[in-house]
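Student: Sequence:
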Amino acid sequence: MPRPSRKQAILESLAHELAAQSGNRITTASLAASAGVSEAALYRHFASKAKIFEALIEFAEESVFSRINKVLSESQETVARCYGICYLLLAFADRNPGITRLLLGDALTGENERLHKRVEQFFNRLETQLRQVLREAGMRNERESVVEPEVAARFIVDWSEGRLHHYRRSIFTTSPMDGLEQSWALVVKAVF
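With full-length UniProt numbering applied, the sequence shown covers 1 to 192.
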């Protein structure tokens with residue numbers, strides 16, 4: 001297996017540090033040491049610490065949103081599509097606890113406001129995707145949500161974020177996938 005690029009190694013180290021250092025700020029010095037590079041080398045690959053965080057957020061966006069089209073092509077049924085989108089997010093979080101801390105914002109305390117906006121954009125984009133799926137159900141005369149698509153989409157995103165927060169609160173010991181089917185059944189009852 002080829003060795004990851006130095007840039008990739010830095011990102012992997014940051015994700016690992018985020019998962020391991022619950023509640024502690026990560027300094028560039030500690031990140032450089034964890035990645036096995038000097039701080040100067042760190043700054044050769046990333047202009048700032050914010051850029052490193054931004055690269056991890058971009059990785060999360062790419063990982064989740066690039067797979068949504070596959071979910072949408074596999075089923076035309078609204079409930080299955082919404083579940084598939086949530087499943088993608090929760091499975092990604094389960095595999096990437098450090099990035100989960102980042103997406104929940106607790107790793108961004110004291111960091112650049114632009115990073116908080118990027119995380120907000122991630123969840124807004126997820127909500128927009130769900131809202132679109134819910135609106136399309138109405139156009140196909142399929143089982144619609146019992147509330148407006150905007151309200152239903154926000155509720156589903158809030159439910160997903162709640163599962164991520166529980167995962168974080170358990171210090172990554174209770175997977176967001178635990179009891180997912182039963183919990184989703186409650187969402188379906190509430191929304192559809």
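Source of the hints: derived by calculation from the structure; they are not laboratory data.
One or more hints might be untrue.
[What the hints assert, rightly or not] Cβ-Cβ distance ranges computed for the label pairs, FRET-style: (1) A190 to E120: 23 to 29 Å; (2) N141 to T173: 40 to 46 Å; (3) T173 to T28: 51 to 57 Å; (4) V146 to T28: 22 to 28 Å.
[What the hints assert, rightly or not] Calculated pairs, BS3-like style, for lysine-lysine (alpha carbon to alpha carbon, straight line, at most 30 Å): (5) K117 to K49; (6) K189 to K70; (7) K70 to K117; (8) K70 to K7; (9) K117 to K7; (10) K51 to K117; (11) K49 to K7; (12) K7 to K51.
The beta-carbon is built from N, C-alpha and C at its ideal position, and this holds for glycine as well.
Student: Now tell me, hint by hint, if it's right for this structure.
Tutor: A quick look at each hint next to the structure:
no., hint, in the structure
1, A190 to E120: 23 to 29 Å, "24 Å, holds"
2, N141 to T173: 40 to 46 Å, "44 Å, holds"
3, T173 to T28: 51 to 57 Å, "29 Å, violated"
4, V146 to T28: 22 to 28 Å, "50 Å, violated"
5, K117 to K49, "16 Å, holds"
6, K189 to K70, "25 Å, holds"
7, K70 to K117, "27 Å, holds"
8, K70 to K7, "29 Å, holds"
9, K117 to K7, "24 Å, holds"
10, K51 to K117, "14 Å, holds"
11, K49 to K7, "13 Å, holds"
12, K7 to K51, "12 Å, holds"
Of the numbered hints stated above, those contradicted by the structure are hints 3 and 4, listed in ascending order.
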